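A.B. asks: Sequence:
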Amino acid sequence: MATIYNASAAGAIYETAGRKNPTGQPWVGPNAGGASKKYSRSNNPKAGQQFITNLPPLVFSREGVGRLIYRAWAANQGVALGAAMTAINNTKTMFYNRANTSALKKAA
Numbered sequence: 001m002a003t004i005y006n007a008s009a010a011g012a013i014y015e016t017a018g019r020k021n022p023t024g025q026p027w028v029g030p031n032a033g034g035a036s037k038k039y040s041r042s043n044n045p046k047a048g049q050q051f052i053t054n055l056p057p058l059v060f061s062r063e064g065v066g067r068l069i070y071r072a073w074a075a076n077q078g079v080a081l082g083a084a085m086t087a088i089n090n091t092k093t094m095f096y097n098r099a100n101t102s103a104l105k106k107a108a
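Going by this note's numbering, the letters in the sequence shown line up with residues 1 to 108, in that order.
Do not rely on the hints blindly, as some may be mistaken.
Within a straight-line C-alpha distance of at most 30 angstroms, the following computed DSSO-like cross-link-like pairs (lysine-lysine) qualify [said to hold, decoys possible]:
1. 92 with 105
2. 38 with 20
3. 20 with 46
4. 37 with 20
5. 106 with 92
Treat the hints as calculated values from the structure; they're not laboratory data.
Keep in mind it's a predicted model, so treat the numbers as computed, not measured.
Could you build all of it, start to finish, from the sequences and the hints given here?
C.D. replies: Structure representation (structure tokens):
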């Protein structure tokens with residue numbers, strides 16, 4: 001089974017921003033202690049909300065919620081994924097057929 005994901009950190013943030021907290025993380029201020037990533041310590045208490053409102057809306061599909069990957073999934077209902085899975089299965093079959101045609105030999 002293949003997985004499609006956004007490998008860049010910026011892309012992952014763009015894809016998922018606002019999924020858990022539509023108005024951004026709760027603000028505790030820059031001087032609050034702790035290292036929890038559940039709270040915003042920005043100097044700007046509205047930073048998360050401003051960031052999220054400037055992004056396009058989240059798209060809901062059968063597979064999940066996001067902005068890029070899930071939007072593509074919702075637009076074509078997974079047709080591209082089906083083609084990719086067929087290509088992966090065909091390649092896997094060809095690889096196994098080629099690997100099983102001759103006995104393994106010792107390397108030099």
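A.B. asks: Hey, residue 106 versus residue 92, does the alpha-carbon distance stay inside 30 angstroms?
C.D. replies: Holds: residue 106 and residue 92 sit about 24 angstroms apart, inside 30 angstroms.
A.B. asks: Are residue 20 and residue 46 close enough, with their CA atoms no more than 30 angstroms apart?
C.D. replies: Status holds; Cα separation ~16 angstroms.
A.B. asks: Would the pair residue 92 and residue 105 pass a check requiring their Cα atoms to be no farther apart than 30 angstroms?
C.D. replies: 22 angstroms, holds
A.B. asks: Under the criterion that the straight-line Cα-Cα distance not exceed 30 angstroms, is the pair residue 38, residue 20 satisfied?
C.D. replies: Satisfied, since the Cα-Cα distance of roughly 10 angstroms is no more than 30 angstroms.
A.B. asks: Within a Cα-Cα threshold of 30 angstroms, do residue 37 and residue 20 meet the stated pairing?
C.D. replies: 13 angstroms, holds
Checked against the numbered hints given earlier, this structure breaks none of them.
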